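Please build the complete structure, drawing on both the sequences and the hints.
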Amino acid sequence: MFACIYSGKLSDVSLRDFAYSFSPRVEETAGDTVVIDVRGCELLFGSAYELANEIVNRAAKPRAVGGLGGKINVAIAANPDAAIYAARYFKGVTFISPGEELTCLGELPIALLCPISIAQPQKTKGETPHKSTSSPGFWTLDEKSWEDTLETFRLWGIRTFADFAALPRAALSERLGQDGLRLQLLASGKSERQLELVQPAPDFGQSIELDYAIAELEPLSFTFARLLNQLCASLNSYGLATNELCIEMKLETGISHERKLSLPYPLRDHKVFLKLLLLDVEMHPPPAAVTSISIACEPVKPRVLQHGLFIPLTPEPEKLELTLARIMKLVGHENVGSPELVDTHRPAAFHIHRFALKNTFERKNKKTKIPQSAIPNPQCSLAFRIFRPPLRATVEAPQGCPTWISAWAGNQSVYGKIVRAAGPWRTTGNWWRANVWARDEWDVAVETLTANRKTGPPLPVLYRTFRELDGGGWFVEGMYD
Amino acid sequence: MTYVELHARSAFSFLEGASVPEELVAACVNLELPAMALLDRDGVYGSPRFHLAAKKNGIKAHIGAEVTVIRPQLKSLKTKRDGPETAPTLDVMSLPLLVRNRTGYQNLCRLITLMKLRVPKHAKPGECSVTPEELAGHAEGLICLTGGEDGPLVSRMLYGQVIRDESRLDEGEKVGIAEWLLAVFGKENVYAELQRHSQRDQEARNQAIVELARKCGLPLLATNGVSYASPLQREVADVFTCIRNHVHLENAGRLLARNSEKYVKPAKNMEQLFADLPEAIANTVELSSRLEFTLADLGYEFPRYPVPAGETMSSFLRQRTEEGGRDRYTGRNGFPTYESARSQLERELILIEKLKLEGYFLIVWDIVQFCKSQGILIQGRGSAANSAVCFALGITAVDPIGMELLFERFLSEERGEWPDIDLDLPSGEQRERAIQYVYTRYGRLGAAMTANVITYRGRSAAREVGKVLGFDEETLARLSGLVHTWEWKDPKDSTERQFRDAGLDLHNSRIKKFFQLYQLVQDLPRHLGQHSGGMVICQGQLDSVVPLEPAAMPGRVVVQWDKEDCADLGLIKVDLLGLGMMAVLEDSITLIRNVSHEEVDLAHLPADDSMVYAALQKADTIGMFQVESRAQMSCLPRLRPQKFYDLVVQVAIIRPGPIVGNMVHPYLKRRQGRAAVSYPHPSLEPVLKRTLGVPLFQEQLLKMAMICAGFSGGEAEELRRAFGFKRSEVRMKEVEVKLRRGMENNGITGKAQEQIVQSITSFALYGFPESHAASFALIAYASAYLKCHYLAAFTAAILNNQPMGFYQPFTIIKDAQRHGLKVRCVDITVSDWLCTIEKEDDQAVKGAAEEDKRSLILRLGLKYVKGLTEQSGKAIVCERAKRPFLSIDDLRNRVPELRKDELRKLAAVGALNYIDQMPRLPTLTNQLVDIGVARGRNGVHRRDALWQVDRVTRATGPLYRELHEKDNNSPLPRMTLPERVDADFRGTGLTIGAHPVAHHRQELKKLGAAPANEISGMPDGTNVRVAGWVIVRQRPGTAKGFVFLTLEDETGVVNVIIKPQLFDRNRLVLANHPFLLIEGTLQNQDNVVSVKARSVKPLSFKIAAAPSHDFH
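Protein chains in written order, with the working numbering: chain A, 2 to 482; chain B, 301 to 1412.
Do not take every clue at face value.
Residues from chain B shown here face chain A by an in silico Cβ test under 7 Å; the list is partial [claimed, not checked]:
1) Ser498
2) Ala508
3) Leu512
4) His548
5) Asn559
6) Asp1250
7) Leu1272
8) Pro1273
Calculated Cβ distances over 10 Å to all of chain A for the following chain B residues [said to hold, decoys possible]:
9) Arg534
10) Gly803
11) Gln1055
12) Glu1138
13) Leu1246
Keep in mind that the hints were calculated from the coordinates and are not lab data. In this text the structure is predicted, and so the values were computed from the model without any measurement. Think of the CB as a built atom: it goes at the ideal place given N, C-alpha and C, for glycine as much as any other residue.
Rendered as structure tokens:
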């Protein structure tokens, strides 16, 4: 016999944990429905009917004492599906004697027969479904097929479970096939299946309450090492890895210091995790002593890489990640990666792309055509030396055209009379956003005042200057070699 | 020195320009530029508007186009085809061509026509282009510029940069292109174009072009490659770029413009920009002076009609008019004699000859003759009905002499505009035959449909702009949902309120930008469509007047100008309009002929049929042309038409003109004798006598102006136009002054003058021409006659021509049933694809002719089974004609086109109930069908059929294919009555059984709701409750926010009036709920019954209903 518990409107209840208090053989059919195999529970709870009453009574108790704090429906039947339908659609305790299923369920509207609702058990975070290989498992019907079937029922005038159960099996099979027969078994309460038992979800989180607050990195590293070791062992046992570690440190001051380590590919090496974590904590130390630590991760499938004879070896990903972390510590994370030009008319616009190993196979097949790529990027035949950052300049431009310039920064200086100027070369963009930009560029030939006695009068030097049109002033962007 | 912009694009370059031609001209006026050249992409779409705007503002409008040309394979051009895939397309280039003289214009039009007609309408960019040889053959009279970024030189340089990383073009290549252009256009006619948009790389290319020009002796020409009138419109240009490339603004990158410099710049700025090359500026003025062509010199000639040897078009037209006149003006049936009509005919013929319009009249006559010879109903309407010549030629059916219609409304020497003849044809295949005849008769290059420029408006604009800004689907739906579609706009509905109601904050910068862009793109051209019926005919030379394009519909060609543009440039057009009711009339006549073997001649219907007028007076007009709307039905019992002219008035009176001008109630009161007939001035009595002193028609307005103010016919028509749709304040003032002066000269002053001016000015905008009303009234009378005398045929024809008219098929059928017509359901053993007529089974009914008509039964066609394709439906009919279907299995095997869902739909609506289960002989088909029907009724029911269909449509392996089911009886229960109604509505959108409301009559009785037929007998002011199915919802713009509902029950219809406040309180219920219970006060005035609602409640009937016909 099977008992189905349906929590109905009770929200935020862990029905599964509640069910475990009666039997270890539990199927979590849906978020609000569980089924228990009650065979063998007689010695503990008496008859199945008594068990059902016990479940209801215990559920009514407050949550603090192991109850659910409200009313639930419980149904006992010879097969799980009949129990599920009865629990979901009849209030209180329902006991269906073997052979009486149709008598009990027959008047239910046919739309309630939908097998979808019992075919999608809600997974908790980090939990993987564990299907018994010997079990036929849930038989599912996709949404469209169910809608089609329902439309057929409507056309046939089938309104209740009993109407459907009464149809001749052979004729039904000719019209709805095996799915129809399975549905008919469900409607007549005669379906046979084994429970999809759930096991407790694996915990991929570790935490520790410290006896005393730690304010230094070295003792903290021992604690980190212990936690990460356990975490990786747990991942290892399930054949999983992670690409994100979430660390939460409770501080003496009562606040939490949270860090998140995102990895470009899944890893489960606790040594690498420890080094990365320590580098990160060095870069972002907690503002006060730590009183407790918890580390959690999102389990994912580990990275599988197929090497090839003729494919050049890439660096070990763990080593590369550690090296990058060390560099980031020195120069700041925003300055590590490969620069990529941004597709815009805005001069010298780029962004830093984080280093990542690409899958060779993907790289080969990735040919995307974007319309922008058809636009030529005109290049200047002169070499251009860019000043980063550009030099702020003072420019005299009596009629819009620059005639005199002076600019200093560090060891760079531009000063003198502008003997020739070409421009303005105007670019404007992002007009649909708040950060509108607009600037005029001028190519200027500046005659420096210091003459070289050997070579004669000074040769003009070519610079590129620009003026921010929103009042940002003049700058020297670089010089032409 | 001054400057002329000789390279400008308008929004008629479709997504490549952001200003309409008028804006470009306005910019020229503001900046004091003396001329401008419009060069749209592969067309002269915007040139008429550009020309007219320029003419109005004293600007010289040069015409041209950017023509896509296949790049020539010159020996000196070493085309590298092994470049990277990302290089720009090398095969085509865009060549800016300016028109120098009329020959040039004709060449340009032919060139574009050649290019366009070669490929289908939606050809990809680059597919549509001219070959270098074609270009060379049409180069005379054209001036070529070397263009901007997509021109022959620069596009080549850009390609060179990409493939070879060099900024300069190989010397030989440059010279090769230049020499080719010089060879094609001649030395004087090629200009090296320079554009300066403040771009560094562009300047590098300019230097190369200057170098080339010096070498080849090409004159330099400065242009700004204008794409919009003002810098702000660059944003619209960027949005269009995104729409064209299917990208968002955020990721459009370098597809967007680098800056906003492509606007119309003043001469001073251009001179500064080209200070180093002053000759490039000077050459613009010099070139402008060489461009002598404007659209005023179009070279359009009135079409010629081929006449027999020895005849001129005049003599031929005279003969045809005389023949027709003698035939029609017989002096019988109220028509005048030919002798009395002769003077009017002669007057018209003289004017036609003077205006050289003989060819036009003969062409229209020829189309009419063709239609008549092919048995296609055709009737002229509109102002053509004012012409006795049109009547004599058989173009129109209204006698303008008998009805004293004003010829000047149609044609006037002074007006300088050409006549507009609208021909009504049965919509659908018959109309297409007439159109194809015109193409065949005048050649593919001799006739074309006028275009219809589709512009960005409402939802489309909101959606596309929102998409470009990167809004998600939900926000897009909300934004496009904001666009108001109700005809009546609540004054409280400000934009801010609308946005706020939709949960969008106008202070948000993105939403604000959306709103700005949405407003900027409003009314900008989006693409070219095809006008519903306007055709321009030009005897084989149309492609030299305007470029032609293929239409989306196969076999159709359209001109690049819309109807208004054609009219503005003096192109004569004929409108071949599809009218659903014409198709109904034609189909009815065919059905009557086939079933009753009677010939109904619409031209000779009894003029004063009592049944027709009785029906009209009772407003029993569902399905009748023009008089079936709710407003018409509420007016009919007051007007009580008794003769044909009353019907003319009836057609014209429920129009915005009389309603806005407050003419309806005065006329009705006078007609009912409740008010005395009076005239604004005694001299107007002859004009207004027929309409009891109330002006109702445009012709009366013209005659009033002619009598009171001494206007000539042409001046009066000019007055109408001044106050018409294209009204301008200045012109209206001028005409009004003239009108008042004329009246004062005739001694009409004071109150009378004010009254006349008031009626003329308020009426001109919306007035309905009497000739048009008369043409419509003829069709209305014919439809009423057929409905009253041949209900079965008329109803079948209406059902076969849906969608049309005011009511859904369900209402048409219920109305016909209330009039005694028997209707039978869809049955695949007898139904055709269309609805047909059958004779009553009971042969004893046959007797007198009238009884025979009544014994006819309407059989619904397979067309009414929702989801059944025409192909499947016709395959069923075709296969059944060979031999009857023996079973559903047999049907399935013999009609493999039938899909499972189609078979189920047929079964669900009962169409398979009568499939014979027994084999039978083909020769006894009819008898056996009857037997089959009888057995079907007793045996097979819809669920039996469904049970069988579900078996035969399930795929089986070869082993079981021949295995038959032992037990044919299904275990399923029969459908109950509500189930059958539900299945009918779901499957056909109608039911031939009891009205859905009838099933709930007991409940409604308990609620105190009175049936529709009891309401009409109740006195005015009674408190009533009515209930029914909402068949029509209306919120007309002229009704100040009032909503009008029409409820239907099994006994008839009830009109309900909803006040704006009540509507606001019950918006959702009133807009969406199919069944309503309404309580209110009965208004019963002059037998016009309606309920003024006080409260509204939805009724939760669990019966499916077809959706209402909503006008909002």
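Structure-based check of each hint:
no.: 1; hint: Ser498; verdict: holds (4 Å)
no.: 2; hint: Ala508; verdict: violated (13 Å)
no.: 3; hint: Leu512; verdict: violated (19 Å)
no.: 4; hint: His548; verdict: violated (10 Å)
no.: 5; hint: Asn559; verdict: holds (4 Å)
no.: 6; hint: Asp1250; verdict: holds (4 Å)
no.: 7; hint: Leu1272; verdict: holds (5 Å)
no.: 8; hint: Pro1273; verdict: holds (5 Å)
no.: 9; hint: Arg534; verdict: violated (8 Å)
no.: 10; hint: Gly803; verdict: holds (21 Å)
no.: 11; hint: Gln1055; verdict: holds (56 Å)
no.: 12; hint: Glu1138; verdict: holds (28 Å)
no.: 13; hint: Leu1246; verdict: violated (5 Å)
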